[in-house]
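Asks: Sequence:
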Amino acid sequence: MSIQYQLERADALCKQRGVRFTPTRRNVFTLIAGFQGAVSAYDLLDKLKELEPNAKPPTVYRALDFLLTQGFIHKVESLNAFLFCEHFDEDHPMQLLICNGCGLVVELHDAAIHQAFEQQANLNGFAISSQSIEAHGQCQQCQITTQG
88 MSIQYQLERA DALCKQRGVR FTPTRRNVFT LIAGFQGAVS AYDLLDKLKE LEPNAKPPTV
148 YRALDFLLTQ GFIHKVESLN AFLFCEHFDE DHPMQLLICN GCGLVVELHD AAIHQAFEQQ
208 ANLNGFAISS QSIEAHGQCQ QCQITTQG
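Residue numbers (our numbering): 88 to 235.
Treat the hints loosely; a few may be bogus.
Label pairs and their calculated CB-CB ranges [to be verified]:
#, residue 1, residue 2, range
1, ALA208, PRO140, 40 to 48 Å
2, ALA198, PRO140, 41 to 49 Å
3, GLN230, GLU164, 23 to 31 Å
4, SER89, ASP152, 22 to 30 Å
5, GLY188, ARG104, 33 to 41 Å
6, ASP98, ILE215, 45 to 53 Å
7, GLN206, LEU100, 40 to 48 Å
Derived DMTMM-like pairs: lysine to aspartate or glutamate, alpha-carbon spacing no greater than 25 Å straight-line [what the hints assert, rightly or not]:
#, residue 1, residue 2
8, LYS134, GLU194
9, LYS102, ASP133
10, LYS134, GLU205
11, LYS136, ASP98
12, LYS134, ASP197
13, LYS136, ASP152
14, LYS102, ASP178
15, LYS162, GLU95
16, LYS143, ASP197
17, LYS162, GLU177
18, LYS136, ASP178
19, LYS136, ASP176
20, LYS134, GLU95
21, LYS102, GLU205
22, LYS143, ASP133
23, LYS102, GLU177
24, LYS162, GLU173
25, LYS102, ASP130
26, LYS102, GLU173
27, LYS134, ASP152
28, LYS162, ASP133
29, LYS162, ASP178
30, LYS134, GLU177
31, LYS162, ASP152
32, LYS162, ASP197
33, LYS162, GLU139
34, LYS162, GLU205
35, LYS143, GLU164
36, LYS134, GLU164
Worth flagging that the hints you see were computed from the coordinates, not collected in a lab.
Glycine included, each C-beta is placed from N, C-alpha and C at the ideal position.
Given these sequences and hints, build the entire structure.
Replies: Below, the structure is given as structure tokens:
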């Protein structure tokens, strides 16, 4: 899907939810949507300054908080980075595979993993308020490169 199409979907969803999709939020959304994989807030800030020269770290962090709250992006906790979510208009479980070699991040949506995790939490009397399942390793391409 094109970035423009994603932006139109996000805009419609914000109108439906009654939240403001400000120009800065739109710019950060567009920048993240254009990245392949996860991106740090400071890398986003560098790109945002090309569009908004007066942008500062709080500008980016406020926009990221909004995008997270709306489900437009995911936070990759172990990398302290952010990942665009193409499925932002639907509630879905999420697990991440992260390549230590090239930095590729693959978003999975396995309901069975999600349910098993929640079941184990319940069995242990634990109420989950937020969840991040991340696995680090090597993608197929990095495995081939390492073996070659």
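Asks: For the pair we were handed, LYS102 and ASP178, check the Cα-Cα distance against 25 Å.
Replies: 18 Å, holds
Asks: Between LYS134 and GLU95, does the CA-CA distance stay at or below 25 Å?
Replies: It holds: about 21 Å lies between the C-alpha atoms, which stays within 25 Å.
Asks: Take a quick look at whether LYS162 and GLU139 sit within 25 Å of each other, Cα to Cα.
Replies: 23 Å, holds
Asks: Check whether the Cα positions of LYS162 and ASP197 lie no farther apart than 25 Å.
Replies: 18 Å, holds
Asks: Is LYS162 close enough to ASP152, meaning Cα to Cα at most 25 Å?
Replies: Answer holds: LYS162 to ASP152 is near 10 Å, not above 25 Å.
Asks: Would you mind confirming whether the straight-line C-alpha gap from LYS143 to ASP197 stays at or under 25 Å?
Replies: 37 Å, violated
Asks: Is LYS102 close enough to ASP133, meaning Cα to Cα at most 25 Å?
Replies: 29 Å, violated
Asks: LYS136 and ASP178 were given as a pair; does the straight-line alpha-carbon distance stay at or below 25 Å?
Replies: Violated, because 32 Å separates the two Cα atoms, which is more than 25 Å.
Asks: Return holds or violated for the Cβ distance of GLN230 and GLU164 against the range 23 to 31 Å.
Replies: 24 Å Cβ-Cβ, so the 23 to 31 Å window holds.
Asks: Does LYS136 pair with ASP152 here, judged by a C-alpha cut-off of 25 Å?
Replies: Measuring from Cα to Cα gives roughly 18 Å; hence the hint holds.
Asks: With a cut-off of 25 Å on the C-alpha distance, tell me whether LYS102 and GLU173 pass.
Replies: Given that 25 Å is the threshold and the Cα spacing comes to 18 Å, the pair holds.
Asks: If you check the beta carbons of GLY188 and ARG104, does the distance land in 33 to 41 Å?
Replies: 39 Å, holds
The structure fails hints 6, 7, 9, 10, 12, 16, 18, 19, 21, 25, 30 (numbered hints given earlier, in ascending order).
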